[in-house]
Amino acid sequence: RKEVEQDPGPFNVPEGATVAFNCTYSNSASQSFFWYRQDCRKEPKLLMSVYSSGNEDGRFTAQLNRASQYISLLIRDSKLSDSATYLCVVNPKKSSGDKLTFGTGTRLAVRP
Amino acid sequence: EAGVTQFPSHSVIEKGQTVTLRCDPISGHDNLYWYRRVMGKEIKFLLHFVKESKQDESGMPNNRFLAERTGGTYSTLKVQPAELEDSGVYFCASSPHPYEQYFGPGTRLTVT
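Chains A and B, in that order, give the protein sequences.
Number 123 marks the last residue of the first sequence (this note's numbering); no jumps.
Number 964 marks the last residue of the second sequence (this note's numbering); no jumps.
Keep in mind the hints are simulated off the structure, nothing from the lab.
For each residue, glycine too, the CB sits at the ideal point set by N, CA and C.
Hints may contain errors.
Distance windows between CB atoms, simulated [said to hold, decoys possible]:
1. Leu91(A) with Thr928(B): 31 to 41 Å
2. Lys13(A) with Asn915(B): 34 to 44 Å
3. Lys53(A) with Glu909(B): 25 to 35 Å
4. Ala40(A) with Tyr926(B): 32 to 42 Å
5. Arg874(B) with Asn66(A): 32 to 42 Å
6. Gly923(B) with Lys56(A): 19 to 29 Å
7. Arg70(A) with Gln869(B): 44 to 54 Å
From the derived model, a few chain A residues whose C-beta atoms are all more than 12 Å from chain B [stated by the list, open to error]:
8. Val24
9. Thr29
10. Val30
11. Phe45
12. Glu54
13. Pro55
14. Lys56
15. Ser60
16. Glu67
17. Arg87
18. Lys90
19. Ser92
20. Cys99
21. Thr115
22. Ala120
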């Protein structure tokens, strides 16, 4: 079983749509959680950290459910520029330092 | 502020040859990480430097890979001798503190 599992997609949505991505992680001791965005043939870029209380940044909302080991990302009012691969990323445990564990990513395509 | 830079952007070598990848972190970042993405798989951690010391090298695949960070500034990752399965994109990341890592554009390595 992979440490971080994501639906690879692709998700094809029209502009203005709301889309949600989910991710599960296997290590219950995991300490910190992130969503990264990766454009084609580019480097991953931090989109947002994910906190237990949930957090929002403009059109993006992230949620963490530690009991279910589940992370979500909601994008409202999708823009063409949101087309990218969204990577669910977990820091396995504090004592391991900062090595990040990545999911394979979920591809989003927003159409006009 | 300049971001993480990596050199070369692409490298095509034959099986059995040696390749050295270079990463220049963001100035002042003590933490430097190497990751790799092979085709169709998720990005995987290779190792982590804190200044010039190897903090965690648990992700290094075998002894054909050698990473150095002389003087705690730039880092090199040498693959010797290269094998076909070493093909992929090698990312470097740096951070001033745990949990927020900034990625470089990556080096695309092709071993033929």
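Each hint, compared with the structure:
A C-beta distance of roughly 39 Å is found between leucine 91(A) and threonine 928(B), which places it inside the suggested range of 31 to 41 Å. Separation of lysine 13(A) from asparagine 915(B) is about 26 Å and departs from the stated range, judged on CB atoms against 34 to 44 Å. Take lysine 53(A) and glutamate 909(B): their Cβ atoms lie about 27 Å apart, and the range 25 to 35 Å holds. For the pair alanine 40(A) and tyrosine 926(B), the supplied restraint of 32 to 42 Å holds, since their beta-carbon distance comes to about 33 Å.
As the Cβ distance of arginine 874(B) to asparagine 66(A) is approximately 36 Å, the hint placing it in 32 to 42 Å holds. Under the hint 19 to 29 Å, the C-beta atoms of glycine 923(B) and lysine 56(A), about 28 Å apart, fit the expected range. Evaluation of the 44 to 54 Å hint for arginine 70(A) and glutamine 869(B) yields a pass: the beta carbon distance comes to about 47 Å. Listed as outside the interface, valine 24(A) is consistent with that label: its C-beta sits roughly 24 Å from the nearest C-beta of chain B, beyond the 12 Å cut-off.
For threonine 29(A), the requirement that its beta carbon stay farther than 12 Å from each beta carbon of chain B is met, with the minimum near 26 Å. Interface exclusion of valine 30(A) from chain B stands, the closest Cβ pair being 21 Å apart, more than 12 Å. Look at phenylalanine 45(A): its CB is around 8 Å from the nearest CB on chain B, not clear of 12 Å, so calling it non-interface is violated. Some Cβ of chain B comes within 12 Å of the Cβ of glutamate 54(A); the nearest lies about 4 Å off, and the non-interface call is violated.
With a cut of 12 Å on Cβ distances, proline 55(A) falls inside the contact zone with chain B, its closest approach being about 5 Å. Not every CB of chain B lies more than 12 Å from the CB of lysine 56(A), the least distance being 7 Å, so the non-interface label is violated. With a minimum CB-CB distance of about 7 Å to chain B, serine 60(A) fails to clear the 12 Å threshold, and the non-interface call is violated. With a least CB separation of 19 Å from chain B, glutamate 67(A) remains clear of the 12 Å interface cut-off, as annotated.
Taking the minimum C-beta to C-beta distance to chain B, about 25 Å, the non-interface status of arginine 87(A) holds against the 12 Å cut. With 12 Å as the threshold on Cβ separation, the claim that lysine 90(A) sits away from chain B holds: the shortest Cβ distance comes to roughly 23 Å. Here serine 92(A) stays apart from chain B, with its beta-carbon at least about 19 Å from theirs, past the 12 Å limit. For cysteine 99(A), the non-interface assignment is contradicted: its Cβ lies about 10 Å from the closest Cβ of chain B, within the 12 Å cut-off.
Consistency note on threonine 115(A): stated as away from chain B, yet its beta-carbon is not over 12 Å from all of that chain's, at 5 Å minimum. Non-interface call for alanine 120(A) relative to chain B: holds, since the shortest CB-CB distance, roughly 19 Å, exceeds 12 Å.
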